[in-house]
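Residue numbers (our numbering), protein chains in the order written: chain A, -15 to 657; chain B, 101 to 289.
It is possible that part of the hints are untrue.
The calculated lysine-lysine pairs, modelled on BS3-like cross-linking and capped at a C-alpha distance of 30 Å, are [claimed, not checked]:
(1) A/K169 with B/K272
(2) A/K30 with A/K293
(3) A/K293 with B/K281
(4) B/K252 with A/K62
(5) B/K182 with B/K272
(6) B/K252 with A/K610
(7) A/K169 with B/K281
(8) B/K147 with A/K30
(9) B/K252 with A/K293
(10) A/K289 with B/K252
(11) A/K169 with B/K252
(12) B/K272 with A/K610
(13) B/K281 with A/K30
(14) A/K169 with B/K147
(15) A/K610 with B/K281
Hints in this document: simulated from the structure, not taken from any laboratory.
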Amino acid sequence: MMTNSHRVWSAVVALGLCAASAWGAEAPGVSLTNLAEQLPLEDLGKIPIEQVSTASRFTQKASEAPASVTIVTSDEIKQFGYRTLADILAGVNGLYVSGDRSYSYLGVRGFSRPADYNSRVLIMVDGHRINDNIFEGGYIGREFILDVDLIERVEIVRGPSSSLYGSSAFFAVVNVISKRAAAVKNVEVSAEAGSLGTVKGRVTVGGVCTNTGAEALLSGTRYRSRGAGRLYYPEFDTPENNNGIAALRDGERADQLFGSLRCRDLTASAAYVTRDKDIPTASWGTQFNDARYHTMDSHGYVDLKVDHKFDAQTELMVRGYYDEIRYGADYPLLVDEESGVAGLNRDDSVGRIVGGEVQVTRRWNQHTFTVGGELRRHLNQDLENFDLEPYHMDAQTVHDSYDGGLYAQDEIMLRTNLLLNVGLRYDYYESCGSTVNPRFGLIWGPWDQGTLKLLYGQAFRAPNVYEQYYPLGDNPPNDDLKPERIQTYEAIFEQHLTKNLRVSVAGYFYHIDDLISLDPDTLVFQNLNRVNTRGVEAEAEWRHANGVRTRLGYAVQRAEDADTGERLSNSPEQLAKFHLLVPLVPERVFTGLEILYTGQVNTLPDRATPHADSYWIANLTLLGQKLTPGLEWSVGLYDLLNSSYAFPAGAGNTQDVIYQDGRTLRVKVTYRF
Amino acid sequence: MWLRSQARWWCGALALAGALFGCASAAELSALAEHQIKALYLFNFTKYVEWPAAASNAAPFVIGVCEALEVRNDLVEITRDKRVQGRAIVIQAVRSAQDVGACDLLFIGATDQARIAEFLRPSRNAAVLTVGSAENFLALGGMVNFVRREDKLRLEIGLDAVQRARLVMSAKLLAIAGTIKGRADPMRK
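Full structure from sequences and hints, please.
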C-alpha cells in the first residue's frame, strides 16, 4: 500500500529527474579545471585525499556516495584528543553516545534504547564485521577491538545499508580503517596517564620492504583504569549498603593486539581485545558495592583478503575469516536470608564464526557495477547463566546456524552531473528466513560545487540469538521472531559556498516496523513496536586560510512510537556539535576545542525521574608534534566545565539515570624511533 | 546559562589566540579524490619539467595513461584547450608497451612489478617523464612516484632516471618532493 509520504517522495524524485535532465552538464562537486588553473604546485601535497569506500563498497568521492557520510581522520583524532571510538562518534553530527558505566551506546538520528548493545549499527574494521553473533552488539568503548591510535580514518555512513551489508546496517555503518605500516615505520611507543588512575601504553612496530613492497604492522596496547573512587547512589543509601557509596567499583582493564601483513594483493590481519569492567551500579538486582561484579568481553579474529585488479576496470575482492567472541559476567546475588551468603551467578557466552565473501566491481561506459555474495557459518552461538555455589543452571542456549546474502549494485552516470545508484540484497537466515532490501540514490550536481542527493532505502535487523532462543523466564522463547524492518526517505544538499566554506543540510523520515521488544509480563521477546523518526541535520565547515578550522553541526529530530505518539526514551530532540581547531604554531602546535550539546531525553517509562537533563560538554586538547624529531605530545581536558550530566539507565538498573565522570585530564606522549 | 557564557568565553579566547598565532600557516584545502590529485600533479609536471625541444610545434604533447581510467578522464577534463610549450595536449590510453614510444609523459597506474617494468622498458633513455604509483616504482627505473603520507599525496623523485632522459626539473618541483633519490647535482632552473 502506498502511503501519503511515499507519494510525496516519488513526486520529489520524479521532479528531480526532470529538472536534472533539463539542466546544463556541469561536473558535480569540485571543478577540476578551475583547480588546475588556480592551485599552486606546492599546494597539491596539502590536499587531503577524500574517499569513502563504505557507502558503495568501492572507493568514491563522499559527494557521490548514496548517503550522508562523515569521515574522521587520524589527524582529527589527535587534534581533538579522542580516546575511544565512542569519543569519535560522539563528535559526529546527528550521533550521540550514552553509557551506564558498563558499555557505551551509540544513538543515531534520535534512536538509542537505553542499554541496548548497538545492534542496529554495523561496526566494521577494514570491512570486517565486528558485531557479535549472539547479541549482534557493536562495541565502541574500550572493548572495541582496535586502539584509536591505529585508526587511519573512520567512515560513518548514515542511513540504511542492508542493500550491501545485510543485517544490522539499519541506522548507520561505521567502518574503521586501520593505519598502514608506512604511517608508523620502525617503532612507535606511546604512554598516557590521566585522571581516575588511568594509564595506557602502546608499542607499535611497522616495516615496509622496499624490494617487494610488502608491509607489516604489529601493535600491542595495555590499558588500566582505577575508575571513579567513590560513586554515590542515593537509591542504595542504607547503612548495610555502605551508605550508597560504591567505593573503587569502577575499574577497567583492557588489552589489545593488532597485526597486519600486506603483500601485493594479499592482506592478512588479526586483532584481539579483552576488556574487564567492574560494575558499580548494582544492576540486575545484585549486591551493592560488591567487588565481584564485573563483565568480561573479548573478541579475536583473523582475516585474509585478496584485492585484485585485473585491469583499470575490473576489481575482485575475496575474503575469508574466523572470529571468536566471548562475553562473561559475574553477578553477586543478594544475600541469602538463611545462609547469610551472597551467592555468585554467572553469564557465559561464546560465539564462533567462519565466513567468506566475494565481490567483483566492474566499470564500463557509464556504469560501475558491483556484485557480491557472503556466507557465514556460526559454529557457536552459545549462552548460559548459572549459579556457582551451589551450582545450578538457570538458562542455557546452545545454538549454531548459517546465513548468507547476495547483492548487486549499479552506479549509473546518467549525465556528467547526474548519478543513479541502485542496489539490492537478498539475505537468508536459517533462523528467520529471507529478506530483500533495496536502496536507490539519485545524486545530482545542479551547479558547480553543489550536490543534491535523494535517497530511499530499506534495511533489516535479524533477531539475535539472545532474543530468539534464550529463555529469560518460565515461558519458552519466541523462535518465530521476524526481522525488524526500516524504510527511509532522505534528501541531502551539500554546497561549497567558497573554497573554504562547506554547508550541508539533510532531512529524513524513517519508519520502523516490527521492532523487537521484551514483553515485561511474559519475559518473551515480540515484534511489538512501530517507530517513526524524522529530523533535519545541518552542518557548516569553515577552513580558514591561516589553518583555523571550524565545524558547526546541529540536528533537530523526533523519534516517536507510531502507535502512541510518545517520544522514545533516550532520544534527544536537539543535538549540537562545535569543533574549533587553531594551529598555535603552524603544523606543530594545535588547540582543538570540542563543544557538544545534547538535549533533554526521556528516561524509561514509569521511572520516578522522567527526564535526564540536557547538557553541554567541552573538551580541550593541546597537541604538539614535529617540535623535536619523533616526539608528539598532547594534553587533554575533558568535560572542562565539570558538567554534572547523566544518561537514562537501562531496564536492569535501580537508578533512573546514571551520572558520568566530571572533568578529567589526560597527558599523552608518543615517540617514534 | 553559566555554562553557556563559559563556552562563549572559551570560543572567543581561542579564536583570538588563533588570529594572533595562526596567521602564517598554509591554507586548508577541500578534500579531493586520489585520482583527481594525481591528475592535477600530472598536469603541473608539464609546467615544471623541461623536455628537449620537439622537432616541430605541430606535434602534439602526448600524455599516456596506463591502467588508470579515472586519472585519464580527469586529465581530459583538465587539459581541454591547454598547451605545453606551444603544443596541443593529447591524452592517450596506453594499453601495450608499443604505445609508450609516442608519449612525452607516461603515467603508469599498474601496481604489478612485471607490468610496470614492461611499460618502463621502452621509455628507458627516451625523453619520457615516467610517473607511477607503486611502492618500488623508482627502484624499477621510474622517475616520479606518488606516495600516500597520512591522507595526503606526496612525491618521490628518482633524479638519476630524470637526468638520463635529459629532462630538466625545476627547483620548485624538486623542493616539494618528499624524497629525492639519486645524485644531488645542482640543478639549473
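Hint check results:
1. For the suggested pair A/K169 and B/K272, the alpha carbons sit about 28 Å apart, so the restraint of at most 30 Å is met.
2. In summary, the hint linking A/K30 to A/K293 is supported, as the alpha carbons are separated by about 28 Å, within the 30 Å threshold.
3. Using a Cα cut-off of 30 Å, the hinted pair A/K293 and B/K281 holds, with the two alpha carbons roughly 29 Å apart.
4. Distance check on the hinted pair: B/K252 and A/K62 sit about 16 Å apart at the alpha-carbon level, within 30 Å; holds.
5. A threshold of 30 Å between alpha carbons decides the hint, and for B/K182 with B/K272 the separation of about 21 Å falls inside it, so the pair holds.
6. Between the alpha carbons of B/K252 and A/K610 the distance comes to roughly 17 Å, so the proposed pair stays at or under 30 Å and holds.
7. Pair hint A/K169 plus B/K281 holds up; C-alpha atoms about 19 Å apart against a cutoff of 30 Å.
8. Distance hint between B/K147 and A/K30 is fulfilled; the C-alpha atoms sit about 19 Å from each other, no more than 30 Å.
9. Between B/K252 and A/K293, the direct Cα distance comes to roughly 23 Å. Compliance with the 30 Å bound is thereby established for this hinted pair.
10. A distance of roughly 25 Å separates the Cα atoms of A/K289 and B/K252; the hinted pair therefore holds under the 30 Å criterion.
11. For the proposed pair A/K169 and B/K252, the alpha carbon gap of about 17 Å is at most 30 Å, so the pair holds.
12. Of the supplied pair hints, the one linking B/K272 and A/K610 holds, its CA atoms being roughly 23 Å apart against a limit of 30 Å.
13. At roughly 22 Å between alpha-carbon atoms, B/K281 and A/K30 fall within 30 Å of each other, so this suggested pair holds.
14. Restraint check for A/K169 and B/K147: not satisfied, since their Cα atoms lie roughly 34 Å apart, outside the 30 Å limit.
15. With a CA separation close to 23 Å, the supplied pair A/K610 and B/K281 stays within the 30 Å bound.
In this structure, the one hint that does not hold is number 14.
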